[in-house]
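**Student:** As a plain string of letters, each chain reads:
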Amino acid sequence: MTGAQIFIEALKKEKVEVIFGYPGGQVLPIFDKLYDSGLHFILTRHEQGAAHAADGYARATGKTGVCIATSGPGATNLTTGIANAYMDSIPMVAFTGQVKSFLIGNDAFQEADITGITRPITKHNYLVKDVKDLACVIKEAFHIASTGRPGPVVVDIPSDIQMADTNFEYPNVCNIRSYNPTLKGHPGQIKKAAKAISQAKKPIIYAGGGVIISEASEELNRLAEKIKAPVTTTLMGLGGFNQRSELSLGMLGMHGTAYANHAIMGSDLIIAVGARFDDRVTGRLDAFAPHAQIIHIDIDPSSISKNIKVHIPIVGDAKNILRELIDEIKKVPDTSHWLGTVKGWKEKYPLRYSNNTDKIKPQYVIEKICEITKGQAIICTEVGQNQMWAAQYYTYTKPRTFISSGGLGTMGFGLPAAMGVKSGCPDKIVFDIAGDGSIQMNIQELMTCVAEKLNVKIAILNNGYLGMVRQWQELFYKKRYSQTTLVNPDFVKLAEAYGAKGIRVSKKEEVEKAIVQAIEIDNVVMIDFIVEPEENVFPMVPAGEAINSMIEGLA
Amino acid sequence: MRHTISVLVENKFGVLARIAGLFSARGFNIDSLAVGETQDPAVSCMTIVVNAEDERILEQIKKQLHKLIDIITVIDLTKKEFFERELVLVKVSLDKSNKANLEKIAHKFNAEILHSDKESAIIEAALEEKNIEEFLSVLKEFGIKQLVRTGKIAIPK
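Note that the protein sequences, when read in sequence, are chains P and S.
Numbered according to our numbering, the first sequence spans residues 1 to 555.
Numbered according to our numbering, the second sequence spans residues 1 to 157.
The set of hints was computed from the structure by calculation and includes no laboratory data.
Careful: at least some of the hints might be erroneous.
One side only, chain S facing chain P, incomplete, derived with CB under 7 Å [unchecked claim]:
(1) 20
(2) 24
(3) 27
(4) 63
(5) 67
(6) 69
(7) 71
(8) 72
Computed from a predicted model, the values in this text were never measured in an experiment.
For every residue, glycine included, the Cβ atom is placed at its ideal position computed from N, Cα and C.
Only chain P is shown next, with the shape it has when bound in the complex (with noise of 0.2 Å):
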């Protein structure tokens, strides 16, 4: 059997249902392959599109996502997708063709030391040297992007290796001797976090992306009930926990609600769940919740006391160590008080906007979309303004429902991530809310879209600006707006060209009609929500201050 059959047989052997790729030179024994494969192929029109499809797949599904691109450029457009999964964990597997074996290192046409490249942006990455290796390679990527704390896994295929002949043989387990994850928690560190639960009076529930990644919802949500402690999520745990919920404080930070922020900044102990610490979380690290002890769940050694110092490690995963925290708890600590304060600061500082205006806030449709999926869809989100304001005005309440690049923070995710999340849960509906900004930064996935009859519905919430750019300039640099201000084409037309239906919202009364009409519309659609051009999001921690010292500002 060639390379070229071994991928696709062992591609089969993984129970891949989707790739997203694009063909190229030093590919092309295996696209040969794949031609009468059975397999379902979707042509990206840009390779950074084939990774963030394969990144939104994986994250709406939990299953692992592949992509494939050729040598050289092909390979080199796939980083900044690989770099997205990476940062958040998401279990990936890209497959790149690479020049001839005996050229590689000659500067030869196409040529990229990719394996060298995404190194500091990969769990692990291989250059196939052998034919005979290729089958064990393959078995090892999966297994590693998808255990432990995932994360992406390039496997670079020179195309001499994808020619050459062997017999195929997938082999049933994967045995690295050196890749162990811990997955069982330490049962005196587990007892150690009850009594600590035990004794606290102001408990609260710090909860991540591992949350969702170890399916830990339910424990999370059970936990949180028990010991009766409130519960904030970071932009990557939410969905994590029911945002109905009376205990759900929703997100922290940066961005996050008030009464999130006063609550950790207040509490006595903080239990992370599969969290980070990231900066964006923490603010002015030596201001961090001073009166709290601390109890981190974590799948990764080298996450815990990383930002702040960690009093009781638990290291494992989420899932398993939640179930047995639940049940070592005899005693559920009083926290009736506390909980009286957190809801004092609830109503003292609620998340608001003003809609004292005829104009369309951003805000606005944020919450009728939420009103009329009723909560039910799958929002995918650009980053910026609309990223923290889809974060905010949406209400979550079940895990993998909310798509979005937390770690990298990359424009144009929210596009390419929408149409692998419709590929992997076709009966949904999936929603990317976007600026006029980003959306432009992937646009041509439209006809991607179009083509295969993904149809994802795109809210513009066009503000004619890089929108949170120029929040900082207006708040830190004296409304001095270098490069913020936008030229747009008409995205109507655009999405016509493409052959997508566009609508566009300059009335507020529009609003509800055109995304109730998007949704009934058995197409993409792409609506251009003409809105209040200067709003900001808030509330707003400034970079480098505790995360109680807001900007709450009400335009």
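Fit chain S to the given chain P structure using the hints.
**Tutor:** Same frame as chain P, now just chain S:
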């Protein structure tokens, strides 16, 4: 503080680059690094010496090293008892008058004169870090023409 870290790795291409990358990405200079096969030819041992100004960053690097797929174990020998050696080859200037003196020094440091001619001599020594400095300072008076060091290797008790 100077740390001596012993790392067992899979003997594969690219592993050294992965390890070096973790240090360089954080602006850490590696003082010395020695790599060689172990009793198992599939496993290599790397002895890395770093001077950590920020212990927290080094702690991070050690955890990150552990995370690399091709790394089997990471041991920071600094707080353990261990033996260390570094091999140095030194070419010094030589004339008739000081040859006897060089032989005396070689004897003192358990070093060997590998070669000598009218103008120079090459001398080899395997020493502990602190003795190397002394050895080199003694040789300075001859005039060091060239110096090559292997980097430290270490083994715990």
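**Student:** None of the hints should be skipped; say for each whether it holds.
**Tutor:** Okay, the hints, checked on the actual structure:
1. Residue-level restraint check for residue 20/S is violated (minimum Cβ-Cβ distance to chain P is 10 Å; threshold 7 Å).
2. Annotation: interface hint on residue 24/S violated; nearest CB of chain P at approximately 10 Å, more than 7 Å.
3. The closest approach between the C-beta of residue 27/S and any C-beta of chain P is roughly 14 Å, which is over the 7 Å cut-off, so the hint fails.
4. For residue 63/S, the shortest C-beta to C-beta distance to chain P is roughly 4 Å, which falls under 7 Å, so the interface hint holds.
5. Proximity of residue 67/S to chain P holds as hinted, the smallest CB-CB distance being about 6 Å (cut-off 7 Å).
6. This hint holds: residue 69/S has a C-beta 4 Å from the nearest C-beta of chain P, less than the 7 Å allowed.
7. Hint status for residue 71/S relative to chain P: holds, with the closest Cβ pair at about 6 Å, below 7 Å.
8. At about 4 Å, the closest approach between the beta carbon of residue 72/S and any beta carbon in chain P falls short of 7 Å, and the interface hint on this residue holds.
Taken one by one, the earlier hints fail for this structure at numbers 1, 2 and 3, listed in ascending order.
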